[in-house]
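**Student:** In case you want the letters, here they are:
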Amino acid sequence: MNSIPATTVVSDRLARNVQRNIRERAIESILFGAALVSVLTTLGIVWVLVSESLNFFEHVPFSDFLTDTMWTPLFSEPRYGILPLLMGTITTSLVALVVAIPLGTVIAAYLSEFASARVREIVKPFLELLGGIPTIVYGYFALTVVTPVLQAIYPDLPGFSMLSAGLVMGIAIVPYISSLTEDAMRAVPMSLREGAYGMGSTRFQTAIRVVIPAALSGVLSAYILGISRAVGETMIVAVAAGMQPNFTMDPTEPAQTISAYIVQVALGDLPHGSIGYQSIFAAGLSLMLMTLLFNILGHVIRRRYREAY
Amino acid sequence: MKANELDQIRSVIKTNKRADLIFALAGFLALMVGVMAFVTLFGEMLANGWERINPDFFSNFPSRRAANAGILSAWVGSLLVMLVTALSAIPLGIAAGVYLEEYAPKNWMTDLIEINVTNLAGVPSIVYGLLALGVFVYTFGFGQSILTAGLTLGLLILPVVIVSTREALRAIPIHIREGAYGVGATQWQVVSDHLVPYATPGIMTGVIIGMSRAIGETAPIITIGALTFIAFLPPSPITDTAPFLNFEWLFSGFTVMPIQMFNWTSRPEEAFQQNAAAAGLILVLMTLMMNAIAIWLRYRLRKSISW
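Those protein sequences? They're chains A and B, same order as listed. Numbering (our numbering) for the first sequence: 110 to 418. Numbering (our numbering) for the second sequence: 450 to 756.
In silico lysine-lysine, BS3-like type, Cα no more than 30 Å apart, as pairs:
hint: 1; chain 1: B; residue 1: K451; chain 2: B; residue 2: K463
hint: 2; chain 1: B; residue 1: K466; chain 2: B; residue 2: K451
hint: 3; chain 1: B; residue 1: K752; chain 2: A; residue 2: K233
hint: 4; chain 1: A; residue 1: K233; chain 2: B; residue 2: K466
Calculated from the structure, these hints are not laboratory results.
Using the sequences and the accompanying hints, generate a full structural model.
**Tutor:** Now the structure itself:
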């Protein structure tokens, strides 16, 4: 027996190797499990939204949901037309984008093509801070500062309005749009700019005719991200745009958005399983489908307009 | 004729230079709109809420009388929710990031996970609230508790932690890995003894940014049904008898800072608006501080590292 110590050493080592491999395998599985949580989250979202919405559509005909112009699920004679909420969401988002896209693009072009490195060093963190402010604070700002200022200009403006909420929402998403757009512009290779400058272009001409077209896929997907932020934004509209569903696209009127409706219902005390409870999931599913649509659009645009250098 | 052409060229140059200047000015003005918005926002809250900020404001429960109302239950609630969020999102996010960057084989499963993480970052936060309402509150039976809120926000910031972990790991040069493998380290030893420690500042930046987002999130927490008027504290996590830890607080009702602010903002009385301003001021200062730490960390990281 003691004539084969060498093999024991080897088998010892092999045994340790096996142990070690098992341990490595186990660790890898644990890490994989952690990565899988994100997939489970998505599945969970889809499952919750779809299953509760199916319950909802057992009571509400799908055609009513899409065509009725009233949304009053909590009234004694409930009507379930998503259109008023949808119009509220679209109107506030449009107002926000009218503010955020020009401001964001101009800021990005300025930072990427005009500003000195020192200005950029100061401004970029500042924009990041602006993007980090909680949206409830922006909502408070819309209600107590922006609405009174707008009322001083248009005395007819009501205390809650989509205009005020949309404007502030626009300010809130400027940092997202500008930082993504700037990233896209700075990724354009220097040689393109040098070519333009060599032909005698000014910085403005270079930015508009060379850099932005070359960065178009990135710029457009920044806009799309801005749109899906605006569509999903909740607290600003819940605070400043009012809580009444309103079948209108006039921004000077108060209206409720899809997300604000969810907040309104959640603030009350609705029993689990009631039609009101199910209605927020149907509303959430509509919201989710809208943002999904924009995300897919973003992917398509990135594919279509990608320029490789 | 020649002089004439020269004049034309000069005038073209002049117009173009003017356009250049106008655009630079427009860029500067656009920036100023952002700056002005921030200054007005901050100034208004400071002017309106400053006199409400005193020790009593931090140690009083909310009250029907605005002058007596405070944020005790709100800041304690925020703190405990953030604790759960951090304990769930940090380990999960780092583990998922390490897997995707160091372990994942190139196959459809990995692609699926990667697309998923990207898409989750674009899901509106209120949808996470609905997920939590359907799954955590009613399916798992956690109720409208601190645990539910913390896990919800944990899922919400998971993509931020994953992405920053991956970026930090990607910045570590390959020769660190090769050196460690060369002396016989296993993959896990390489990851746990080398890669994660070196990536820590980068990961921390992402974690802090994620947490600062979580602390200001209102919509998902309202959706799970957090109460807006809470005049009690959750049971203390630390007790004076063995085993010194108490987990009842996880299942306690709660409120958080942004919800308290929302509650005060939606009341018509002027005095409650003051409270809202004060709460908002504290909230903004908290997020600004966290963001500033993250920016500073990243700045130092960029300066100090040479592999």
